[in-house]
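Colleague: Below, each chain spelled out in residue letters.
There are 2 protein chains.
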Amino acid sequence: MDKGLWTKNDLQNLLHSEQDLPPITVGVSGRHIHLSKEHLCELFGEGYKLTPIKDLSQPGQFASKECVTLVGPKGVIEKVRVLGPVRSQTQVEVLAGDTFKLGIPLAIRLSGHLNDTPGITLCGPKGTVVLSEGVIVAARHIHMTPEDANRRELHDGQVVSIKFGGIRGGRLDNVVIRANESGALDCHIDTEEANALHIKNGSIVEIVK
Amino acid sequence: MDKGLWTKNDLQNLLHSEQDLPPITVGVSGRHIHLSKEHLCELFGEGYKLTPIKDLSQPGQFASKECVTLVGPKGVIEKVRVLGPVRSQTQVEVLAGDTFKLGIPLAIRLSGHLNDTPGITLCGPKGTVVLSEGVIVAARHIHMTPEDANRRELHDGQVVSIKFGGIRGGRLDNVVIRANESGALDCHIDTEEANALHIKNGSIVEIVK
Chain A
372 MDKGLWTKND
382 LQNLLHSEQD
392 LPPITVGVSG
402 RHIHLSKEHL
412 CELFGEGYKL
422 TPIKDLSQPG
432 QFASKECVTL
442 VGPKGVIEKV
452 RVLGPVRSQT
462 QVEVLAGDTF
472 KLGIPLAIRL
482 SGHLNDTPGI
492 TLCGPKGTVV
502 LSEGVIVAAR
512 HIHMTPEDAN
522 RRELHDGQVV
532 SIKFGGIRGG
542 RLDNVVIRAN
552 ESGALDCHID
562 TEEANALHIK
572 NGSIVEIVK
Chain B
372 MDKGLWTKND
382 LQNLLHSEQD
392 LPPITVGVSG
402 RHIHLSKEHL
412 CELFGEGYKL
422 TPIKDLSQPG
432 QFASKECVTL
442 VGPKGVIEKV
452 RVLGPVRSQT
462 QVEVLAGDTF
472 KLGIPLAIRL
482 SGHLNDTPGI
492 TLCGPKGTVV
502 LSEGVIVAAR
512 HIHMTPEDAN
522 RRELHDGQVV
532 SIKFGGIRGG
542 RLDNVVIRAN
552 ESGALDCHID
562 TEEANALHIK
572 NGSIVEIVK
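Chains A and B, in that order, are what the protein sequence lines are.
The number in this note's numbering is simply the position in the first sequence, starting from 1, with 371 added.
The number in this note's numbering is simply the position in the second sequence, starting from 1, with 371 added.
Honestly, I wouldn't trust all of these hints.
Intra- or inter-copy, both count: the list cannot distinguish identical chains.
[As the list claims (entries may be wrong)] Below, a list of computed lysine-lysine pairs in the DSSO-like style, where the Cα atoms sit at most 27 Å apart: (1) 420 <-> 571; (2) 497 <-> 425; (3) 425 <-> 445; (4) 445 <-> 571; (5) 571 <-> 497; (6) 450 <-> 580; (7) 497 <-> 436; (8) 571 <-> 408; (9) 534 <-> 450; (10) 472 <-> 497; (11) 534 <-> 497; (12) 580 <-> 497; (13) 450 <-> 420; (14) 534 <-> 420; (15) 445 <-> 534; (16) 472 <-> 450; (17) 534 <-> 571; (18) 420 <-> 580; (19) 534 <-> 580; (20) 420 <-> 436; (21) 425 <-> 436.
What the hints contain is simulated information worked out from the structure, not anything from laboratory work.
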């Protein structure tokens, strides 16, 4: 039975860490939604505030106890977790497989890049919001500070690959470096990408330039 | 909007095909089940015969109209398609994500290698079968004839990688060559692997040795 043991890659990365480069850990994202203040009120009621239940890897970000339902032309997905705090624009992040279930086009985008993305209907306990755009499949990326990037001879916006070993090992290309002052070192991929390479939350990946 | 257009990799593979090597197309598998004759009768009734509704890529294999329900300690998955014809041993093929939902261990195996795999409860319209083993996440593999393998300087059981380009491009390692006389050239990966690399049914991949 596979026990998720450390692989040769993991050990190589540990060696790198001895040269003062902390290993790149993975944070695996399932489907979730970021709401604007206006949409939060429409779905949950006027003046509503999100209730944080778990801090996320990026400073200030949290999972809330609130969930919404996504309603597409071909299917419905219930209990989609709302992440906080509220943002300037509502953004729904789903898995590629979810787009088939919902019956909407698949748009792979970095967070915040919502031009020419499909819409969806959101249902909450106090109301419904019909989005004309904002549903993305998140493009894989690595958060870090500009200092982290500099030490690795990387820069914000650079596109790299990540490698992982083991029984379902492989390489994922087109991973975008997102370097900013509040960036906590973490490689974000979604559940399908993680499952395809048998990567778990906290697994260590190697950057390939 | 991403349209699944042909990529540079696809075109490179087309060039290979001009050298008389047909391109390696992908068949994407969702969760499904192969039943033994005995289990078919227990689930659907004595003397029951599967009703084929669609031929699959491998000669003689078909999707049937019959479905069963998988019941694990933590969750249930309904409408799991039965593939035919019946086999000597029942084998359930699920996605990695399904194992979390069902609450069973994840065992990545080639078809037929069921030692030390988890069991599950199967429910059909006429009965229930409690399997003590047989649930696998299929190891990715490429079917071909020994002649196909020979022309590519490959052999049965060899482990290769596959490459795919495009927006979610990458490489999947540990892909097993399965060469036998009835093998129709087809690379089998599951839905999560396909979604992670934005591969579709019929996409063309490149073999890397």
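Colleague: Now tell me, hint by hint, if it's right for this structure.
Modeller: Comparing the hints with the structure gives:
1. Taking the shortest alpha-carbon separations for residue 420 and residue 571, neither the intra-copy value of 32 Å nor the inter-copy value of 41 Å comes in at or below 27 Å.
2. For the identical chains of this complex, residue 497 and residue 425 are intra-copy neighbours only, at 24 Å inside a copy versus 45 Å across copies, given an alpha-carbon limit of 27 Å.
3. Taking identical chains as interchangeable, the C-alpha atoms of residue 425 and residue 445 lie at most 27 Å apart only when they sit on different chains, with a minimum of 23 Å there against 32 Å within one chain.
4. When the C-alpha separation of residue 445 and residue 571 is checked against a cutoff of 27 Å, the pair qualifies only between copies, where the shortest distance is 20 Å, while the shortest distance within a copy is 31 Å.
5. With identical chains, the CA atoms of residue 571 and residue 497 are never at most 27 Å apart, being 36 Å at best within one copy and 39 Å at best between copies.
6. Taking the shortest Cα distances, residue 450 and residue 580 never come within 27 Å of each other, neither inside one copy (38 Å) nor across copies (43 Å).
7. With identical chains, the CA atoms of residue 497 and residue 436 are at most 27 Å apart within one copy only, with a shortest distance of 16 Å there and 41 Å across copies.
8. In this assembly of identical chains, residue 571 and residue 408 lie within 27 Å of each other by CA distance neither inside one copy nor across copies; the values are 32 Å within and 37 Å between.
9. Within a single copy, residue 534 and residue 450 get their C-alpha atoms no closer than 32 Å, and across copies no closer than 35 Å, so neither meets the 27 Å cut-off.
10. Taking CA atoms no more than 27 Å apart as the test, residue 472 paired with residue 497 passes inside one copy only; the shortest distance there is 25 Å, against 29 Å between copies.
11. In this assembly of identical chains, the alpha carbons of residue 534 and residue 497 never lie at most 27 Å apart, being 45 Å within a copy and 47 Å across copies at closest.
12. For a Cα distance limit of 27 Å, the shortest separation of residue 580 from residue 497 qualifies neither inside one copy, at 48 Å, nor across copies, at 56 Å.
13. Taking the shortest alpha-carbon separations for residue 450 and residue 420, only the intra-copy value of 18 Å comes in at or below 27 Å, while the best inter-copy value is 39 Å.
14. For the homomeric pair residue 534 and residue 420, neither the shortest alpha-carbon distance inside one copy (40 Å) nor that between copies (46 Å) is at most 27 Å.
15. Taking CA atoms no more than 27 Å apart as the test, residue 445 paired with residue 534 passes in neither setting, with 36 Å inside one copy and 32 Å between copies.
16. Proximity of residue 472 to residue 450 under the C-alpha cut-off of 27 Å is found in both arrangements, the shortest distances being 15 Å within a copy and 15 Å between copies.
17. Proximity of residue 534 to residue 571 under the C-alpha cut-off of 27 Å is found in both arrangements, the shortest distances being 14 Å within a copy and 22 Å between copies.
18. In this assembly of identical chains, the alpha carbons of residue 420 and residue 580 never lie at most 27 Å apart, being 42 Å within a copy and 55 Å across copies at closest.
19. When the C-alpha separation of residue 534 and residue 580 is checked against a cutoff of 27 Å, the pair qualifies both within a copy, at 10 Å, and between copies, at 17 Å.
20. Taking identical chains as interchangeable, the C-alpha atoms of residue 420 and residue 436 lie at most 27 Å apart only when both belong to the same chain, with a minimum of 11 Å there against 48 Å between chains.
21. With identical chains, the CA atoms of residue 425 and residue 436 are at most 27 Å apart within one copy only, with a shortest distance of 9 Å there and 44 Å across copies.
Consistency with the previously given hints fails for numbers 1, 5, 6, 8, 9, 11, 12, 14, 15, 18, ordered from lowest to highest.
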